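Residue numbers (our numbering), protein chains in the order written: chain A, 1 to 255; chain B, 1 to 164.
It should be emphasised that the hints constitute simulated quantities derived from the structure, not laboratory data. It should be emphasised that the depicted structure is a prediction, and the values quoted were computed from it without experimental measurement. Virtual Cβ for every residue (Gly too), placed ideally from N, Cα, C. Some clues are possibly wrong.
Anything over 12 Å on all C-beta distances counts as not near chain B; from chain A, calculated [unchecked claim]:
| # | residue |
| --- | --- |
| 1 | Ala55 |
| 2 | Ser158 |
| 3 | Leu182 |
| 4 | Gln185 |
Okay, the calculated beta carbon distance ranges per label pair [stated by the list, open to error]:
| # | chain 1 | residue 1 | chain 2 | residue 2 | range |
| --- | --- | --- | --- | --- | --- |
| 5 | B | Glu68 | A | Gly154 | 38 to 48 Å |
| 6 | B | Gln120 | A | Ala156 | 27 to 37 Å |
| 7 | B | Asn14 | A | His235 | 56 to 66 Å |
| 8 | A | Arg217 | B | Glu123 | 31 to 41 Å |
| 9 | A | Ala188 | B | Trp107 | 49 to 59 Å |
| 10 | A | Ala156 | B | Glu99 | 54 to 64 Å |
| 11 | B | Val137 | A | Val32 | 11 to 21 Å |
| 12 | B | Arg155 | A | Asp41 | 20 to 30 Å |
| 13 | B | Pro30 | A | Val32 | 36 to 46 Å |
| 14 | B | Gly130 | A | His238 | 49 to 59 Å |
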Amino acid sequence: MTSTLPAQARFRYVLRLADTSLVLGQRLGEWVGHAPALEEDLALANIALDLIGQARLLLAYAGEIEGRGRDEDALAFLRDAPQFCNVSLAEQPNGGFGRTIVRQFLLDAWQLELYEALAGSADARLAEIAAKALKETRYHLRFSAGWLVRLGDGTAESHARVSQALAALWRFTEELLTPDALDEQMAAAGVAPPLATLRPRWEGRVAEVLEEATLKRPEAARHPWHGKRGVHTEHLGHMLAEMQHLPRTYPGARW
Amino acid sequence: MVTELPAAQPGARNGREEGVWQVLRTVMDPEIPVLSIVDLGIVRYVHQDKGATRVGITPTYSGCPATEVILGAVHEALEHHGLRDVIVETVLSPPWSSEWLSEAGRWRLELFGICAPSAQRPEASCPRCGSRDAELVSEFGSTPCKAHYRCGTCREPFDVFKCI
Ligand SMILES: [Zn+2]
């Protein structure tokens, strides 16, 4: 079934998954040594490791589909921002701890639904990567949802900070749930779930946690964000400049 | 897809494959040096295939930095025992579960000071004083496979091997 899909389309779809995990993992890595407490520093670093590990598996697969000899490192370090296909939410700056938690929670809840569905993908390789990632995403979500409740239902200060973060980041969530032509093509082939089936599950889970966190769900907004098609906010370029500096300055460097 | 579990029926193995398993029992997890990779449950199969030795290894966590060290150590150990043409393959499916930890492995972890709950015995207990009064500090410990707890009785912190 999947073999009838053009390789270029499968390549781009796997890159969307890979880049979302890679970019989010890199963002979390920026916290190492800066988190509010040692336990949270370790947690963010561990989640970053899982995400980058998932990205490696997916990028290696994308490289095989493409068949032009690009491995995971070439795809991670030698592409420019317009070739990255992550959703725009993943590249948004960390801000304070509360803002990082809001971004993480929205994406964990989404990856959980997505990986759960992808574990039954017609693409066997994608299905096994998703089944592995799903186990990890479950405890990522316990962490981010747990913190969102503590901060939302915490002090006036912590409540105000996560409310502001939620208001600022909510506009990026439509991209997670609105299919474009590639999403529809993958869904029709049984490779990926139709995003319309993910929406109610994601919204239900998010609403439940927001309620416990005493946070109000912001109004839905039309979305002009198209990170998954390579049109990014200004933040991705800056992030990649740091992430890619070493392999680009010293090509082939080993240590 | 080969999905043999590490505890493959010993009778089904030929002598040479059994020898490979013996060597693999001496390859330790670099982050928990009392635990062999066989006890950890990440060796999925050993096959002799036209002079080549194929070993299937499952990563515990996608981003575990120990995985690459382990893959290298498997090569090194087998080549040290005179095996040429060693092929180490990464097997993702089904994903690794902490239930694949051997009984001997759990026992060694406890002696090492790491609590290792199982599906039959899910509650954490203090590896120092045995108290069940254990409080979760963080689901994320010093390595991806461990959570961080504190004992309510002796007040010492301890690691718990995560159930996934
Ligand atoms: Zn104790």
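We went through each hint and held it up to the structure:
no. : hint                            : result
1   : Ala55                           : 9 Å, violated
2   : Ser158                          : 19 Å, holds
3   : Leu182                          : 24 Å, holds
4   : Gln185                          : 25 Å, holds
5   : B:Glu68 x A:Gly154: 38 to 48 Å  : 40 Å, holds
6   : B:Gln120 x A:Ala156: 27 to 37 Å : 46 Å, violated
7   : B:Asn14 x A:His235: 56 to 66 Å  : 57 Å, holds
8   : A:Arg217 x B:Glu123: 31 to 41 Å : 37 Å, holds
9   : A:Ala188 x B:Trp107: 49 to 59 Å : 52 Å, holds
10  : A:Ala156 x B:Glu99: 54 to 64 Å  : 45 Å, violated
11  : B:Val137 x A:Val32: 11 to 21 Å  : 19 Å, holds
12  : B:Arg155 x A:Asp41: 20 to 30 Å  : 23 Å, holds
13  : B:Pro30 x A:Val32: 36 to 46 Å   : 21 Å, violated
14  : B:Gly130 x A:His238: 49 to 59 Å : 52 Å, holds
Of the numbered hints listed earlier, those contradicted by the structure are 1, 6, 10, 13.
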